Structures are given as C-alpha cells and as structure tokens.
Amino acid sequence: MKYAGLLVMPAGFFLSIAAVLLFPAPAPRAAFVFCGLAVEAMGLVVAVRGHMEELREKRP
Amino acid sequence: MTPIPPLSDAAFALILALFLLAPLAIAGVALINTGLGRSRSAAQSLLGSLAILAVAAIVFALIGATFVGAPGAAGHTFQLAGKPWSWLGAGPWLLGGLNTAAAQSQLTLLFEILAVALAAMLPWGSGADRCRLIAGCAAAAILAALVFPLTAHWIWGGGWLAQLGVNFQLGAGFLDGGGAATVNVLGGLGALALVWIAGPRRGKFPKEGLSTALPGHNAVYVLFGCLLALVGWLAWNVAGAVLFLHAPLSALPMTAVNTLLCSAGAVVATFAVTQIRFGKPDASLCANGWMAGLVASSACAGLVTPLAAIFTGLIAGIVTPLLVELFELALSIDDPSGAIAVHGAGGLWGLLAAGLFAPQAGQLVAQLVGIATLLGLILPLVCLLFWLLNRVLPFRVDSDGERIGMDLHELGGGAYPEFVIHRDESYR
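Sequences listed follow chains S and C, in order. Quick note on numbering: numbering that gives the first Met the number 0 labels position 27 of the first sequence as 26, and the sequence is numbered without any gaps. Quick note on numbering: numbering that gives the first Met the number 0 labels position 254 of the second sequence as 253, and the sequence is numbered without any gaps.
Bound conformation, chain S alone:
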C-alpha cells in the first residue's frame, strides 16, 4: 500500500505539468495545478497509511 501511494504521486506531478502546458489562462491553470497537488496529497496519505499498517503488523 505504501508503494501504491508513492506510485500515485507522480500522477499528480504530471497533472500539474499538463495544466501548465494546456491552459494558458491563469485561473484554470492554477485550478489544475491545485488538482495535481491534491492527487499527490492523496498518494501521500495512502503511503502514510501503508506505513502505519506495516508498523502495526511488525510491532513486538
């Protein structure tokens, strides 16, 4: 799960780059860059939850 989260994060990066390339107007560009960051945040949350589950299983 941790690695799945980390794999999602580059998708957010590419979304941000796509926003810069595809939207010349400032408002939609900023909105899509925010969306990219939101995807990254979701990936990070999944990765952190994966880390917590992994730790719980390993605890003595």
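Don't take each hint at face value.
Derived DEER-like restraints, expressed as beta-carbon distance ranges [to be verified]:
1. S:C34 - C:P83: 24 to 30 Å
2. S:R48 - C:T211: 18 to 24 Å
3. S:R48 - C:W86: 31 to 37 Å
4. S:A3 - C:K82: 30 to 36 Å
5. S:F33 - C:P252: 32 to 38 Å
6. C:L20 - S:F33: 38 to 44 Å
7. C:L94 - S:C34: 41 to 47 Å
8. C:L392 - S:A10: 29 to 35 Å
9. S:A3 - C:L79: 24 to 30 Å
10. C:L209 - S:A10: 34 to 40 Å
Okay, derived cross-link-like pairs now, DSS-like style, lysine-lysine, Cα gap no bigger than 27 Å in a straight line [to be verified]:
11. C:K206 - S:K1
12. S:K57 - S:K1
13. C:K203 - S:K1
Reference excerpt, derived from the structure (chain S facing chain C, CB under 10 Å, subset only) [to be verified]:
14. K1
15. L6
16. A10
17. G11
18. F12
19. L14
20. I16
21. L20
22. F33
23. G35
24. A46
25. R48
26. H50
27. M51
28. L54
29. R55
None of these hints come from the bench; they were simulated from the model. Source: prediction; values computed, not measured. Don't be surprised by glycine CBs; every beta carbon is placed ideally from N, CA and C.
Starting from the structure of chain S, add chain C where the hints point.
Structure of chain C alone, referenced to chain S:
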C-alpha cells in the same frame, strides 16, 4: 536560456566572505542532530555528520556538479509544446576545467557543495540511534550524485523550473534563493524516505498505548546549534539572493532582516504554542520552531516584505510543533531530529509563502508547480533509490547494536566515557 549576469568585485568579495560563515549552518544542524539523539549514539552522530559532509562534497564535486550546469551553459533539453525543457546540465566531468573557469563559477560550485552537504545531513539526523554509518554515507553519495544535481539544475542551473517564467509567463519562474527546495525540502523528503525504510527505534511504538518518549540527550547542544545555524543561515540567504535571485547589493540588508524576523516569529509562535499545550515552553520544540523559521526564510527572505516574513515565521512556528506531534503520535513516524517537519514541511511552507507574497503575477503558480515536482517526482525517486540501497546496504543496525548504542557498536567507545549509561527500561 539567459546567462548569469556577472558579479561586481564588491559583490564577489562579499559572497566569498559570506561563504566562510555558511558552514556554521552545517555545524548548527550537526549539533542539533546530535543533541536530539541519545547519549549512547552521540559520537556516531557527530562523526556521521562529518563523514557525510565529506562524502557528499567529494561525490558532488566529481560527479554531481556535471549535471547541475548553469544558466546559459550547455544542457540536455527536449522540446514540448514548442518550448525548450532543460532537464539536465551537461558540464565537464570530474571537475574538468575548473581551474581555468570563471571565479563566479567556482563560487557557485562552492555554494552547491555546501548545499549538498547540508541536504545530505538531514536524513542522518532522522535515522539517529539506528542507522549505520556506512549506509548513511552511501545515502549521502546517492543524494549528491543524482538527486541534488537534478533538483539544483532545475532550480538554480537554468532548468525547466527556473524557465517557467520565460516559457509560460509564471512570474519569474520557480524561485528559491536560499535553498529551501534544493537543500531543505530535499533533505526533509530524504529523511521521510529513510525513516519509512529503516523503521522506528526499538521500543518507540509499543503494541499498546502511546509511543514511548525518547527525549534528546543534550538540550544545550540543540539550542546552541540553533544560534550557530542563525549565523550560517544569514550568510546562506544573503549569498543565495545575490547568486540565484540576482539581487543588488542594496537589497541584501533586507534579506538578512527578513531571515532574522522569520526565525524570530517562528520561535515566538512555537514558544506560545508549547506554553499553551503543555503549560511550559518545550526546549526541543522551540528549537524545531526556530529552525523551521530559518528554513522558511530560505525561500522568501529575498522576495517578501518584513511583515510577510514575520507572518511566514509565525505560521511555521505554529505548524511545526503540531506536525512533530502528529508525525509521532498519529502517523507512527519516528523522526528524532524532526527534519521531516522542520526542513520538509517548513521548506514547503516557505516556498508557498514566497509565491503568496512575491510581487510578480503568476509567481504563486510557479511555486506550486515546483512544490508539485518536489512531492510528486523527487519524493518517489528518493524512496526508490533508498529502497534499492537498503537492499544492498541495510540502513538499520542489528538489534544488539541498537541495544548497546551506536557509539559502542560502531566506534567501540562512547562519547561520554566517564558517565554511566543507565539501563533503558524499554529494552527489558
């Protein structure tokens, strides 16, 4: 790409003088890392900082500097949407031609060597009390050879992030004069990757109940480290403003003032937060707040007004102790030095604040794209590289080594031989 404007003699002399003070930032961070660790790992922690500095400097000078490049210099570029995207520098290998290079290029190399040394030391502090020296040095070599050069080229070397302003009218492109992204966020993300892979210290998170408190062994080291770091950071931010923001000499006093105000705002806020939460101010969290203010100032000191610098510091100071607590209690992340919250989150906040308060239109989006790059590309890359390294050279010491302490296990002697080390109840 636009070539770097040449420095005047006065600016050159000033930066050279500042670089003699900049290593104090490294010394401060090394002291903080040592003080926040346990007494039975103190010598290994400080020796590790020295070794990591040395390894990072040599590896970067020989390999990494090749990929950083400079604005206007040769680089690897591809075309996308009709715009050039410079993704990697193409300098000479093994310091070729450095002797005859312009003095300004040599000065920039010195800045980058100091920067990579500091960035590589941050994960070491987070891996305190359980990470092997050799693995820490190998991680530093990876950061210095691959990750730092990539990031530094994109931001400082005329790469695609720096060109966002020219190519896409996003302010002045991604701005990071003092190394908030290239040094602090990179180091903070490296710390997160290392902590994830190495796992927590033994006994830190028992099966039931709250996490065990493993307080730092020397608050004096930590707080003195903060004062040393202030001197280094002032030098660092002012020199970075000249080199990478091309600030005139007349703008430098305000950069220094903003650095001080940002860290002052942060420590006042942390002092208040810990006083309210715990009834007394917490020394190590106040140190974390102070450092988070310095880190945030790295991004914005050369760009914003003094009032905005104080506000940036206040937010950093409020958020940092809460994040430290959140990471430990809610997310089971064992980060003894607090590098993830202080340098990672503090640096990200500074970069965002630079976008919020900088006068240029579109600067906020440029900063957000930079943040998205750090989180979405650099963090997974560092995790992958550290995971591969861990397969070859495990970060974590064996349980016996952790029990007796890293000093005895790795160095054969403790930092404080005349003191009796008390038995640790958590190992029963």
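Hint check results:
1. S:C34 - C:P83: 24 to 30 Å: Check passed, 26 Å falls within 24 to 30 Å.
2. S:R48 - C:T211: 18 to 24 Å: holds (22 Å)
3. S:R48 - C:W86: 31 to 37 Å: holds (32 Å)
4. S:A3 - C:K82: 30 to 36 Å: 33 Å Cβ-Cβ, so the 30 to 36 Å window holds.
5. S:F33 - C:P252: 32 to 38 Å: holds (36 Å)
6. C:L20 - S:F33: 38 to 44 Å: Check passed, 39 Å falls within 38 to 44 Å.
7. C:L94 - S:C34: 41 to 47 Å: Given about 43 Å between the Cβ atoms, the range holds.
8. C:L392 - S:A10: 29 to 35 Å: holds (31 Å)
9. S:A3 - C:L79: 24 to 30 Å: Holds, since A3 (chain S) and L79 (chain C) (Cβ atoms, about 28 Å apart) stay within the stated range.
10. C:L209 - S:A10: 34 to 40 Å: holds (35 Å)
11. C:K206 - S:K1: holds (21 Å)
12. S:K57 - S:K1: Within the cut-off at roughly 15 Å; holds.
13. C:K203 - S:K1: holds (21 Å)
14. K1: holds (7 Å)
15. L6: The hint holds - L6 (chain S) has a Cβ within 10 Å of chain C, the shortest such distance being about 7 Å.
16. A10: This hint holds: A10 (chain S) lies near chain C, its Cβ roughly 8 Å from the closest one there, short of 10 Å.
17. G11: At about 5 Å, which falls below the 10 Å cut-off, the nearest Cβ of chain C leaves the hint on G11 (chain S) intact, so it holds.
18. F12: holds (3 Å)
19. L14: Constraint on L14 (chain S) satisfied, holds at 8 Å.
20. I16: holds (7 Å)
21. L20: At about 5 Å, which falls below the 10 Å cut-off, the nearest Cβ of chain C leaves the hint on L20 (chain S) intact, so it holds.
22. F33: Holds. Min distance 7 Å.
23. G35: Status holds, d = 5 Å.
24. A46: holds (8 Å)
25. R48: Holds, about 9 Å.
26. H50: Hint on H50 (chain S): holds, closest Cβ of chain C at ~6 Å, below 10 Å.
27. M51: holds (5 Å)
28. L54: holds (5 Å)
29. R55: holds (8 Å)
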